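Novice: Chains as they are written, first to last, in the UniProt record's numbering: chain A, 1 to 294; chain B, 1 to 413.
It is worth saying that the hints were derived from the structure and are not from the lab. Being a predicted model, the structure only gives us computed values, none of them experimental. Note that the Cβ used here is the ideal one computed from N, Cα and C, for glycine as well. Take the hints with a grain of salt, since some may be wrong.
Covered by chain B, according to a simulated footprint, are these stretches of chain A (three or more residues, beta-carbon under 8 Å) [unchecked claim]:
{"hint": "1", "region": "39-46"}
{"hint": "2", "region": "127-137"}
{"hint": "3", "region": "142-150"}
{"hint": "4", "region": "241-249"}
{"hint": "5", "region": "253-261"}
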Amino acid sequence: MRNRALTDLVLAGPAALVVILFIFLPVAVVFVLAFTDYQVGARSANWIGIENFATLFGSRQGRNALLNTVVYAGIVIPASVGLGLLVAMGLHRLTDILPRLSAVLRTVYFLPVAATLVAMAVSWQMLLHPSLGLINTWMSVLGLAPQQWLSDRGLVLYTLAAIGIWQSVGYNMVLFLAGLATIPTALYDAAAVDGADRGWSRFWTVTWPMLGPTTLFVVIVTAVNAFRVFETVATMTKGGPAFASDTIVYALYREGFVYFKAGYASAITVVFFLALLLLTALQIMLVERRVHYR
Amino acid sequence: MKHLLLSAGVVLAASAAAAETEIRVHYAIPTIWAETQEALAEAFMATHPDIKITLDGPAEGYEDGVQRVLREGIAGTAPDVAYVGLNLWRVLEDRGVLQPLDDFLPADPMAAGYTPALLSLGQYEGHQWALGTSASTMVLYVNPDLVEQAGGSMDDFPKDFDGIIELAAKIDALGDTVEGVWIGRHDWRFQSLLGAHGGRPMTEDESDITFDSEAGMTAAGLYKRFAEDAGMSSMSENDARQAFPAGTLGLFFESSSLLKRFEEGSAGNFELAVFGTPVVAEENVYFPTGGSAIVMLTDDAEKQAAAWEYMTFVTGPEGQKVIVETTGYAPANKIVLDDESYLGAYYAANPNAKVGHAQVAAHAGPWYAYPGAEGVAVTDLIAAALVELTEGAAVEATISDLADTLRMQLGMK
Numbered sequence: 001m002r003n004r005a006l007t008d009l010v011l012a013g014p015a016a017l018v019v020i021l022f023i024f025l026p027v028a029v030v031f032v033l034a035f036t037d038y039q040v041g042a043r044s045a046n047w048i049g050i051e052n053f054a055t056l057f058g059s060r061q062g063r064n065a066l067l068n069t070v071v072y073a074g075i076v077i078p079a080s081v082g083l084g085l086l087v088a089m090g091l092h093r094l095t096d097i098l099p100r101l102s103a104v105l106r107t108v109y110f111l112p113v114a115a116t117l118v119a120m121a122v123s124w125q126m127l128l129h130p131s132l133g134l135i136n137t138w139m140s141v142l143g144l145a146p147q148q149w150l151s152d153r154g155l156v157l158y159t160l161a162a163i164g165i166w167q168s169v170g171y172n173m174v175l176f177l178a179g180l181a182t183i184p185t186a187l188y189d190a191a192a193v194d195g196a197d198r199g200w201s202r203f204w205t206v207t208w209p210m211l212g213p214t215t216l217f218v219v220i221v222t223a224v225n226a227f228r229v230f231e232t233v234a235t236m237t238k239g240g241p242a243f244a245s246d247t248i249v250y251a252l253y254r255e256g257f258v259y260f261k262a263g264y265a266s267a268i269t270v271v272f273f274l275a276l277l278l279l280t281a282l283q284i285m286l287v288e289r290r291v292h293y294r
Numbered sequence: 001m002k003h004l005l006l007s008a009g010v011v012l013a014a015s016a017a018a019a020e021t022e023i024r025v026h027y028a029i030p031t032i033w034a035e036t037q038e039a040l041a042e043a044f045m046a047t048h049p050d051i052k053i054t055l056d057g058p059a060e061g062y063e064d065g066v067q068r069v070l071r072e073g074i075a076g077t078a079p080d081v082a083y084v085g086l087n088l089w090r091v092l093e094d095r096g097v098l099q100p101l102d103d104f105l106p107a108d109p110m111a112a113g114y115t116p117a118l119l120s121l122g123q124y125e126g127h128q129w130a131l132g133t134s135a136s137t138m139v140l141y142v143n144p145d146l147v148e149q150a151g152g153s154m155d156d157f158p159k160d161f162d163g164i165i166e167l168a169a170k171i172d173a174l175g176d177t178v179e180g181v182w183i184g185r186h187d188w189r190f191q192s193l194l195g196a197h198g199g200r201p202m203t204e205d206e207s208d209i210t211f212d213s214e215a216g217m218t219a220a221g222l223y224k225r226f227a228e229d230a231g232m233s234s235m236s237e238n239d240a241r242q243a244f245p246a247g248t249l250g251l252f253f254e255s256s257s258l259l260k261r262f263e264e265g266s267a268g269n270f271e272l273a274v275f276g277t278p279v280v281a282e283e284n285v286y287f288p289t290g291g292s293a294i295v296m297l298t299d300d301a302e303k304q305a306a307a308w309e310y311m312t313f314v315t316g317p318e319g320q321k322v323i324v325e326t327t328g329y330a331p332a333n334k335i336v337l338d339d340e341s342y343l344g345a346y347y348a349a350n351p352n353a354k355v356g357h358a359q360v361a362a363h364a365g366p367w368y369a370y371p372g373a374e375g376v377a378v379t380d381l382i383a384a385a386l387v388e389l390t391e392g393a394a395v396e397a398t399i400s401d402l403a404d405t406l407r408m409q410l411g412m413k
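Kindly generate the complete structure, drawing on both the sequences and the hints.
Specialist: Shown next as structure tokens:
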């Protein structure tokens with residue numbers, strides 16, 4: 001018995017130690033720093049209680065970053081989950097009729113996921129350029145007014161959201177395709193016998209409930225990624241113009257790595273971490289109740 | 001074989017004996033600096049065989065670089081000298097990791113090519129903390145083709161902002177995709193316009209904001225006038241930097257350090273011209289200078305002596321010649337500008353470069369960094385206020401508000 005316990009310890013110990021040393025310990029340090037005014041490189045720091053958190057929720061800039069993130073996620077989550085499902089169902093059906101084309105389209109939709117976002121951001125920047133970009137050229141051909149896609153304060157967040165959707169649809173599609181493939185055809189046959197043989201009723205009675213677990217996973221992954229939006233902001237707008245596209249993770253980067261305010265950046269990290277934890281727990285609780293498992 | 005090994009050993013021993021002091025050098029932005037740094041280190045070691053220069057792996061940008069130097073400082077592995085952004089060495093000074101250079105400076109700095117204007121780039125509270133290694137100020141890039149299409153003349157190019165706005169409006173009217181003038185809504189650009197009007201962002205002792213002066217209002221007002229009278233678009237800095245070489249932007253206030261890039265980008269399209277930023281005030285004019293500075297971190301006396309040798313070299317005429325020729329930045333040493341034997345051929349081949357470089361020599365001034373923990377953060381607030389001006393906000397109210405916000409954030413009130 002003791003021998004077995006020793007074996008277990010030897011097997012699990014090193015990995016656990018590494019996790020504690022390199023993940024839990026730094027996270028604990030961040031939690032402590034969040035209550036100080038520590039600056040990167042400073043020799044000392046003062047305990048300032050919850051002042052950092054008060055600044056985040058109380059200042060115009062902090063609230064702006066929070067609101068922007070919520071708006072961004074509010075657009076990206078439903079749109080990219082919905083579009084992902086739509087595309088997956090279309091391609092799933094197409095596999096039976098035109099398997100080659102379906103495979104090609106699958107690759108096309110997945111490309112944005114596989115491509116490095118930073119490299120893609122450069123292409124987007126060129127496409128969206130106000131006077132040289134392809135998109136504004138098309139707009140004027142169609143008789144529409146050219147737009148300042150990335151430098152209009154009222155528009156920039158929606159442009160970034162559109163790019164966020166473009167980037168995540170392919171990933172969601174692949175997950176949904178896998179989900180669709182696992183639905184047994186017998187269920188559709190049974191539904192057909194009961195009168196649900198096409199369209200909406202078929203989707204609503206068989207496909208959607210059977211996709212429950214997949215949908216739960218897709219929504220969580222998309223939500224976490226949407227709240228974490230950073231690369232597009234950092235490479236294309238740097239949170240501007242005038243903080244119009246400042247998001248929570250970009251603010252975290254800005255405060256910590258540009259302004260050198262490690263204490264405040266830690267506070268943002270803590271809030272962000274707790275919010276994501278809460279969100280994930282909430283989603284699992286809510287959706288799990290309605291998910292139809294096996 | 002034995003003989004070969006033996007001689008190899010002798011060579012090793014000899015080089016070890018010669019390279020007694022090793023100096024670790026930190027730098028950032030390898031896309032601009034990698035070749036330059038290697039050329040500098042090589043040239044220096046050729047004349048100083050007793051000092052070995054080791055270049056640390058470069059940081060991506062100046063902000064990253066400062067971060068890393070600070071982190072290494074905590075860990076006790078800081079480099080001996082570091083190249084940092086001219087606006088960022090104060091962060092290092094504030095954390096107490098820099099060595100003052102006063103005792104190292106020659107008795108007559110002028111004779112070594114360090115003019116008071118150039119020395120001012122690295123001074124704070126009466127001490128010399130950094131020496132400029134490369135400099136840039138804001139100049140006006142012009143697309144002569146668009147100027148002539150709009151009915152303007154390059155020979156009679158406007159010398160003041162009124163004339164520039166008038167010309168920009170005419171260029172802007174040429175077509176939907178043609179822009180007249182553009183300037184970044186950014187702390188450094190604003191400080192440049194402010195300096196051209198003889199204003200300062202802060203008092204000498206940094207205890208109060210002073211850009212809500214008359215000079216400041218006029219300078220900030222230019223943003224509004226550019227937008228309202230000359231149709232300046234709200235495009236981003238990246239957009240503008242693509243639009244100018246593509247030939248769709250007529251007049252562009254930008255850093256003189258971008259000359260090489262713009263000349264390459266516009267080659268075959270048009271031949272760009274460069275003018276100095278118009279000087280409005282009669283006195284007190286300066287242009288905040290961007291670029292890099294070199295600082296000393298080592299506290300070991302022997303290393304300090306070697307580090308100073310290296311710093312003297314890279315800020316001296318020979319090092320500066322290498323920096324100018326490989327980066328296009330303006331030199332931070334007057335000797336290279338005055339003595340044609342260093343860069344005469346370079347300026348003959350790059351007449352546009354001389355405009356920016358002469359502006360540095362005549363009007364270089366510090367790029368004011370706001371003091372304290374919020375120092376960098378407030379520059380983003382300034383940028384945001386400038387965006388509001390171009391979108392129609394009233395100048396007086398916006399700038400007064402901004403000044404008050406800054407006083408509060410920086411703890412001046």
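Novice: What hint numbers does the structure not satisfy?
Specialist: none
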